[in-house]
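With the sequences and hints as input, model every part of the structure.
Chains U and G are the protein sequences, given in the same order.
With the numbering used here, letter number 90 in the first sequence gets 115, and the count goes up by one each step, no holes.
With the numbering used here, letter number 165 in the second sequence gets 175, and the count goes up by one each step, no holes.
Mixed in with the good hints, there may be bad ones.
Result set (DSS-like, lysine-lysine): computed pairs, CA atoms no more than 27 Å apart in a straight line [stated by the list, open to error]: (1) U:Lys-312 to G:Lys-148; (2) G:Lys-158 to U:Lys-270; (3) G:Lys-91 to G:Lys-59; (4) G:Lys-59 to U:Lys-198; (5) G:Lys-114 to U:Lys-198; (6) G:Lys-59 to G:Lys-114; (7) G:Lys-114 to U:Lys-270; (8) U:Lys-270 to U:Lys-198; (9) U:Lys-198 to G:Lys-16; (10) U:Lys-198 to G:Lys-29; (11) U:Lys-198 to U:Lys-103; (12) G:Lys-16 to G:Lys-137; (13) G:Lys-114 to G:Lys-128; (14) G:Lys-16 to G:Lys-113; (15) U:Lys-162 to G:Lys-91; (16) U:Lys-198 to G:Lys-91.
Think of the hints as simulated: they come from the structure by calculation, not from any bench.
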Amino acid sequence: MNIYELLKTLTETPGPSGLENQIAAAIQTAWQPLVDSLSVDRVGSLVAIKRGRPANPDTRRSLLLAAHEDEIALMVKKIVSFPDEEGGNGFLRVSSVGGVDIRHLYGQTAVVHGRRDLVGVIGSLPAFMLPEERQDKAYGYDDLLVDVGLPAAELRQLVQVGDYVSFRQPLRKLLNNRVTGKALDNRASVAAVTVCLEQLQGRQHQWDVVAVATAQEETALLGAFTSAHAQRPDAAIAIDVTFAKGPGTSNDSTFELDDGPVVDLGPNVHPGMYKALMDAAEALEMKVNTSTHARHSGTDAYGLQIAHEGIPTGLVSIPLRYMHTMVETVTTADVERAGRLLAEVVVRLDDKFLEKLAAGLMAKDEG
Amino acid sequence: MNELLKQLTEAVGVSGEEKEVRLLIRDLIRDYVDDWWVDTMGNLLAIKKGAGVLNWRVMVDAHIDEVGLMVTEIDSNGTLKFDPVGTIDDRTLLGKVVQVGPKKLTGVIGARPIHLLKSNQRHSVVKAEDMRIDIGAKNKEAAGRQVKIGDRAAFVTEYEEIGYTAVGKAFDNRAGCAALVELLRGEPYPFDLCAAFTVQEEVGLRGARVASYALRPDVALVLECTPAYDLPNERDVSPNVALGRGPSIYVMDSQTIQDPRLVAHITRTAASHNIPYQIRQPGGGGTNTGAIQRAQAGLPAATIAVPGRYAHTPTIMINLDDYANVVKLAGVVLRELTPEILMRNA
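Below is the structure:
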């Protein structure tokens, strides 16, 4: 599999939280040949099942792999005509969908998903023309506007308040297999799940794999809560991105690019799932790093863990620079490694796994 | 799709390193001029001989340089420290893709992610000196094999046409360059037309100064792209110039009072040919007119500009009708030049 080409398709396809139909279709195309069944659920998550061959056909187990498919975006808040109230040029005021890093917006292009898709420029008056109290700050949503180069009257025919605006950036190569673009959070993880499914084509596994591209993670972790409820897996792993070391980033709790996937520990993670991931890494002789979260992992793991009577959940992350911008950067090597790690976890699952997980919580010698 | 604007805006020519644009324009004009040469600063100068009706040399200037960045240092982690070349607001730089050096290596300008910032930092402006260009190199040595101190970096924007506009980088001033190329491709003018594709405007109007000395024109016309602030505004509702309202005529800026006789000729000519135009509100900014006017014993000079929103960003926007009208207006302004226009009582 060419991970760059896959990431190019996945990152360049729009998928703002709540408008995931296009990205779900793109992922479906990638997963279709690798799985036994595929469907889009009621909140817009893509659910794919690859059947395992259990040693004991009476105990069919499943592992849910959750990689969110949605991305941060903007939404139209107001349509403004200027210089004249009527008959002027049309501009869009916007709000954020998810945790957009507003400092990066000025001078970008974006796609307004109106009656048809319109390309727009995110602009602002220069700082010296803003009200004095706003001149020394990053441009805010009161300053920024999306400009599609149309008069207000034409714009109003095509766009309405509530329409999504998605970011727009081709995926590009940097040195050392590093790639940069938008929405690598979390299409890098979707690609890793794809690698996993591909790895499993030639390997025996007992558990079913339920691969879910979850919807609306950036705003509500919605797809994690709902897919874990609907699929009722026996265990789950969330795959997301984490902070890579890079310019402007301190060394605490950040991870080098190209130094392998990161396996997470903390309240959202079952220690047995952490161990399963670490054991798999050891079996592969793969370098992995450990990250921690003290309260909320900020990922789908938070939602997966508390579905039904509780689901043992793990979390694997791919280091990424410049999170929530249009120049997010990962290395394809880490994506590939994360995929292989997941596949190794899957093939090692057997009918004793859940018992061992449960026993681990009470064993005195377990860390 | 306007291929000329596409080619010219996508070419890279950060002030002081304009060779790619110079070569491109040389190829675009060489069949339409009688002579061309490059001076010591890198200005591309060309003569299109006139029909001999008027014994004048008329200079038409368009600067070929664009704002960008210069690599000043390579950090131990392989990222590049830089200084802006020309005026670029710090707010413009985050999240941008740049092309670095002659190899056009792709780089990005990122920052500490907002998740790791205190809430009061999330809206503060990151200073250019605290940003780095990330080309993906793993350390200083590896980066040093790809990039040299002093390499320029330019924005990366593919030209496109949206709505009634075109969007791209470097419309300031490739819009002026494109207009001048189109003027050179026309029939001979009554006088010798001296085209000056000048360097280093963005760092102090430096190329035009020596070009106007060398060309010794009787009159000069500057073609530019002027920032348009025609956006919803809480402080002053009148825009300085607006997209779609025609060529923008300079009267006064921070450098210059444009030659009033030429300004009058331009507006009269526009009116007689039914070409829309707008007077740019007097204010800051400046064009090569500021340098040309001071050359020799003083040269009559004026500026016609294409209004462009979001100046000095990767995504400048111009109206394509405005551009076409600048070409048209500059053409008739030149063809209808007469010595009487410059008479003090005219």
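We went through each hint and held it up to the structure:
no.: 1; hint: U:Lys-312 to G:Lys-148; result: holds (18 Å)
no.: 2; hint: G:Lys-158 to U:Lys-270; result: holds (24 Å)
no.: 3; hint: G:Lys-91 to G:Lys-59; result: violated (47 Å)
no.: 4; hint: G:Lys-59 to U:Lys-198; result: violated (48 Å)
no.: 5; hint: G:Lys-114 to U:Lys-198; result: holds (12 Å)
no.: 6; hint: G:Lys-59 to G:Lys-114; result: violated (38 Å)
no.: 7; hint: G:Lys-114 to U:Lys-270; result: holds (25 Å)
no.: 8; hint: U:Lys-270 to U:Lys-198; result: holds (19 Å)
no.: 9; hint: U:Lys-198 to G:Lys-16; result: holds (23 Å)
no.: 10; hint: U:Lys-198 to G:Lys-29; result: holds (26 Å)
no.: 11; hint: U:Lys-198 to U:Lys-103; result: violated (36 Å)
no.: 12; hint: G:Lys-16 to G:Lys-137; result: violated (31 Å)
no.: 13; hint: G:Lys-114 to G:Lys-128; result: violated (36 Å)
no.: 14; hint: G:Lys-16 to G:Lys-113; result: holds (20 Å)
no.: 15; hint: U:Lys-162 to G:Lys-91; result: holds (23 Å)
no.: 16; hint: U:Lys-198 to G:Lys-91; result: holds (20 Å)
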